[in-house]
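Undergrad: Sequence:
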Amino acid sequence: MADLPPDLQYTLEHEWLAQGTPSTVGITSVAAEALGDIVYLELPAVGETITAGAVVGEIESTKSVSELYSPVTGTVVEVNTAAVDDPSVVNTDPYGAGWLLKVEVTEAGPLMSAEEYAAHAAG
Numbered sequence: 456m457a458d459l460p461p462d463l464q465y466t467l468e469h470e471w472l473a474q475g476t477p478s479t480v481g482i483t484s485v486a487a488e489a490l491g492d493i494v495y496l497e498l499p500a501v502g503e504t505i506t507a508g509a510v511v512g513e514i515e516s517t518k519s520v521s522e523l524y525s526p527v528t529g530t531v532v533e534v535n536t537a538a539v540d541d542p543s544v545v546n547t548d549p550y551g552a553g554w555l556l557k558v559e560v561t562e563a564g565p566l567m568s569a570e571e572y573a574a575h576a577a578g
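Going by our numbering, the first residue of the sequence shown is number 456, and it counts up by one from there.
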């Protein structure tokens with residue numbers, strides 16, 4: 456399994472969260488590897504209110520289409536347009552240039568540490 460940054464928090468649905476002001480959301484390397492070559496991202500619009508645990512977009516790969524779930528409740532303040540324009544960056548750098556959203560968080564959903572997520576992903 457790929458290395459998981461220990462400073463991030465993770466969801467059962469394979470998203471990661473970097474808490475901050477605003478907080479950053481992306482998908483894990485585990486998800487990116489399972490999806491294969493990502494070819495399309497559908498993300499919420501800036502200003503949209505999202506809810507923890509709810510579907511907020513889609514990620515399409517050459518293998519399948521997967522839903523993107525929000526790890527937090529809040530307002531989208533930025534969308535990674537570079538990743539929308541070139542979704543392959545999510546495969547090559549899921550924790551860096553491949554981030555998806557920045558959110559002003561009002562409430563976090565259930566989150567796991569890197570160790571907890573690694574155990575979940577391995578199971």
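Be aware that one or more of the hints could be misleading.
[Claimed, not checked] Between beta-carbon pairs, the in silico distance windows are:
#1 Gly475 x Thr504: 32 to 38 Å
#2 Glu488 x Glu570: 18 to 24 Å
#3 Glu515 x Gly475: 25 to 31 Å
#4 Gln474 x Glu503: 16 to 22 Å
#5 Asp458 x Ala500: 28 to 34 Å
#6 Ala574 x Asp540: 18 to 24 Å
#7 Glu562 x Ala537: 16 to 22 Å
#8 Ala489 x Thr536: 23 to 29 Å
#9 Glu513 x Glu488: 28 to 34 Å
#10 Asp458 x Ser543: 19 to 25 Å
[Unchecked claim] Cross-link-like lysine to aspartate or glutamate pairs, in silico, DMTMM-like; alpha carbons within 25 Å at most:
#11 Lys518 x Glu559
#12 Lys518 x Glu488
#13 Lys518 x Glu570
#14 Lys518 x Asp540
#15 Lys518 x Glu503
#16 Lys518 x Asp541
#17 Lys518 x Asp492
These aren't lab readings, by the way, just hints derived from the structure by calculation. Glycine included, each C-beta is placed from N, C-alpha and C at the ideal position.
Undergrad: Each hint needs a verdict: does it hold in this structure or not?
TA: Status of each hint after checking the structure:
1. The beta-carbon spacing between Gly475 and Thr504, approximately 19 Å, falls outside the hinted interval of 32 to 38 Å.
2. For the pair Glu488 and Glu570, the beta carbons lie near 19 Å from each other, so the given range of 18 to 24 Å is met.
3. Separation of Glu515 from Gly475 is about 28 Å and conforms to the stated range, judged on CB atoms against 25 to 31 Å.
4. Look at Gln474 against Glu503: about 20 Å separates their beta carbons, and that is inside 16 to 22 Å.
5. For Asp458 and Ala500, the Cβ-Cβ distance of about 32 Å falls inside the hinted range of 28 to 34 Å, so the restraint holds.
6. At roughly 35 Å, the beta carbons of Ala574 and Asp540 sit outside the given window of 18 to 24 Å.
7. For Glu562 and Ala537, the Cβ-Cβ distance of about 28 Å falls outside the hinted range of 16 to 22 Å, so the restraint is violated.
8. A beta carbon spacing of about 25 Å between Ala489 and Thr536 agrees with the range 23 to 29 Å that was offered as a hint.
9. Between Glu513 and Glu488, the C-beta spacing of about 18 Å breaks the proposed range 28 to 34 Å.
10. Taking the beta carbon of each, Asp458 and Ser543 are about 20 Å apart, inside 19 to 25 Å as hinted.
11. Distance check on the hinted pair: Lys518 and Glu559 sit about 32 Å apart at the alpha-carbon level, beyond 25 Å; violated.
12. Straight-line distance between C-alpha atoms of Lys518 and Glu488 comes to about 11 Å, which keeps the hinted pair within the 25 Å bound.
13. For the given pair, Lys518 sits about 28 Å from Glu570 by alpha-carbon distance, which is inconsistent with the 25 Å threshold.
14. Restraint check for Lys518 and Asp540: the C-alpha separation of about 19 Å stays at or below 25 Å, so the hint holds.
15. Of the pairs offered as hints, the one joining Lys518 and Glu503 is violated, with about 29 Å between alpha carbons and a cut-off of 25 Å exceeded.
16. About 17 Å separates the Cα atoms of Lys518 and Asp541, which keeps this hinted pair within 25 Å; it holds.
17. For the hint linking Lys518 to Asp492, the alpha-carbon distance of about 8 Å falls within 25 Å, and the restraint holds.
Going through the hint list in order, the structure does not satisfy hints 1, 6, 7, 9, 11, 13 and 15.
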